Amino acid sequence: MAIALRIALVLITLGCVFLFVSHPLWFPAGVSAQARPLDHDFYVAFWVLGALFIAGQLVLVWVLAKRSTNQRSTRNWYGNGRLEIGWTVIIATIFLWFHLSGGQLWSRMMSPVKEAGQLHIEVTGAQFQWYFRYPGPDGVFGRTEPVKFAKPEEGNPLGIDPADPAGRDDIVSTTMVLPVGRLVQLHLRAQDVVHSLFIPAMRFKQDTVPGMEIHSHLMPTQVGTFEIACAELCGLGHYRMRALVRVVSEAEFEKWLNAQISAPGQP
Amino acid sequence: MQKASPIPTAPHTQGFLRRYIFTTDHKMIGRQYFFLSLAAVLVGAWLSLLMRIHIVWPKAALPFLGEIKPENYLAYLTMHGTLMVFFVLSMVPQNGFGTFFLPLQLGASEMAFPRLNMLGFSTALLSFFVLLAAFFAPGGPSGAGWTQYPPLSAIAAAGPGQALGTDLWLVSIGLFCLASIMSAINFVTTTLKRRAPGMTLMRMPLTCWAWFVTAVLILLAFGVLVAAVIMLMLDRHAGTSFFVPGGLLVSGKAVEHSGGSPLLWQHLFWFFGHPEVYIAILPAMGVTSHLLSTFARKPVFGYKAMVGATLAIGGLGFMVWGHHMFASGMDPHAGFAFSSLTTAIAVPSAVKTFNWVGTLYGGRIRYTTPLLFSVGFVSLFITGGLTGPLLAQPALDVYLHDTYFVVAHFHLIMAMAGLFAVFAATYFWFPKMFGRMLNERLGRLHFWLTLFGAYATFMPMHLLGIAGHPRRYSELTGVQYVTAMLPLQRFITLAAIVTLAAQLIFLINLFWSLRKGAAAEANPWRCTSLEWTLPSPAPKDGLTERNPFVSHGPYEYLPGAESDEDFVMQDAPAS
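From first to last, the protein sequence lines stand for chains A and B.
Per this note's numbering, residue 336 is the first one in the first sequence, and the count goes up by one each step.
Per this note's numbering, residue 9 is the first one in the second sequence, and the count goes up by one each step.
Simulated from the structure, these hints should not be mistaken for lab results.
One or more hints might be untrue.
One-sided excerpt, in silico: chain B residues whose CB lies under 10 Å from chain A [as the list claims (entries may be wrong)]:
| id | residue |
| --- | --- |
| 1 | T155 |
| 2 | P253 |
| 3 | Y311 |
| 4 | W364 |
| 5 | S387 |
| 6 | T395 |
| 7 | H409 |
| 8 | P468 |
| 9 | H470 |
| 10 | E483 |
| 11 | L484 |
| 12 | P495 |
Since we're looking at a predicted model, the values are computed, not measured.
For glycine and all other residues, C-beta sits at the position ideal for the given N, C-alpha and C.
Throw the hints in and build the complete structure from the sequences for me.
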């Protein structure tokens, strides 16, 4: 039994290592500015904690393998103050370093950034659809009041106030179209329940909360089409609350934007 | 010193109802909690099986049930989480084993408030039936998950099951909170006031320390949850707006609320919800410490550090709730503070792990089933615990939050480690609870299958999460990159089916041994704590007639001893 347990723990450790080394699934390629530092932090965590995992399991195997010393002395029998303080300090130091290095990334990610020519997009989650609103040539979002103006089948899902001139040139799209390399300021909202805008390829996730406008930012670094999923349980259609981000060149973005202004509603 | 043999009392003078149902005997109430948890775990496990099948074979027609629909999936998910967290992981380690063994290990004759004990169980039972009643409600049980985030949980029109199903959920959880508080008052008072002479706090077994600290956590945490569910109930039916802001449009209809905050619920819920994790795992840690010492024939390594770590985890456990909310829109500065405290809690957890390893080191280990499950606990605790510091980093957590990575993390550390401790405790205390031994051969088979099954089921979920698979998806067809993960999801389902099937071995062992198991002697494991001074099963009068006087610490195993008498009972006369 003793040997079987040790073998089992070794097999499990090897199995876990194999699973992560062969990793049949892994991160999608990162296509935003925060993907690289985030992946770097993940790998640091992965190797440090992976090493602690292997060490932990093997130490467990080792103490099980340790023959009973049949010791007659009671040294280390009830504990060992030095040893206990030592390992507490060591593990606390590792975790503290780990925490502080992660905190720096968090601070960089969450600090507001501004850039000339940045783009503003309002993201609205509603059961079970994402809407992306661009402010149009005037650069100002029109006032919305969904309860009053978002009548079904009227093509105004966000309830933009028709009386507000700022809203007349607003563009509402169900696909998020972004120019590559431009900073995007996101204004995240929800119309009914909590949703969460999750763009795995951009390492981006932010809940959208009714009654709140949450600000976040994003910088796409690669042209292509990527999927958006909803990451917060929002009801029956949660699993199919999907949208696309289309990252295009600056020229193509301007073309798309102009087409939207002249013929709104075309994706 | 010659022990006075317990005076035989007339055993069958009470009727069936007084003995088994309306009993104030803590041992009978402990057994009642044990069987209630068993019922809950059977339903919860069955639901997880249905969910796993639905995810990978959504069109499969099951016998009796037919095809599982997405709304069924969300209902199963909510009920699975609620049953497992409340009625299994919080109930059996604390109320099941604790109610039975806390007074015995402390040398008390009864709980401090026996009738409150009975009322606590009756309330918990009622809460269980109210919860299950939701299956028969129009629209079925709530589909908002065990966390019940408003506005989804606050507005009946937000989904199927959000009407009567959610009301029943709220009533059930409110009752459960009251039941837990009643039980916790008893635990705290009994520990502080009913210890036998000589049973100083630092002579208490670590199980008692864990039950005591857990009871304090329950008092502080469940009180907040009961307030939160009442507030949500008022939002739903009395026109208040604690959690629902104005101007919402749900299913095309305007919602008559204004000024509430959905984040307020998240704060209140997780102020309860994170200590809840420790409510589930602290008694499991206590059991593991107790059992590793018993079966390694060595004292717990660093008893004082273990007590300190238990208190530290209990204290810090109240300051980390915000780590569930890094992606919620909470202020990032608060996120950093919660991240610091969360990382800090990893230190006492690591200290415990080191001390378990230290306890095993150089021991004369007896490879019984309870020992196997306790070692399994340590292994799972290391594995599930080490993803904790990673998730405590807000930047990384934001990506992994609400993905299968988190599902893997908490199932390994809370569900699997917790259950391994419960299995260890069951194999260990079954003789004292029911007077018979569980079958060792079946127990070992159960252990091997469950150990490999647990790893095979939950390790691959990390990869799903890293690849961005959100949790709580009833089908994989809605998002293309998720659809591509079907093969690994199928593997997980197969592993889960094997693991769940292995639990039948445990059930067979349990029910067979209840009637036919080998009769247990008073102290089959040669353990030092006071419950083993009684015959098996523990007689109704417990320690009443023995009046133990405690003159020894809880883990006095003798170095170098070869014989079976290598230990000193806690109430042995001082030498």
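Tested hints:
no.: 1; hint: T155; in the structure: 8 Å, holds
no.: 2; hint: P253; in the structure: 3 Å, holds
no.: 3; hint: Y311; in the structure: 7 Å, holds
no.: 4; hint: W364; in the structure: 9 Å, holds
no.: 5; hint: S387; in the structure: 6 Å, holds
no.: 6; hint: T395; in the structure: 7 Å, holds
no.: 7; hint: H409; in the structure: 6 Å, holds
no.: 8; hint: P468; in the structure: 6 Å, holds
no.: 9; hint: H470; in the structure: 8 Å, holds
no.: 10; hint: E483; in the structure: 5 Å, holds
no.: 11; hint: L484; in the structure: 8 Å, holds
no.: 12; hint: P495; in the structure: 8 Å, holds
The earlier numbered hints are all upheld by this structure, with none contradicted.
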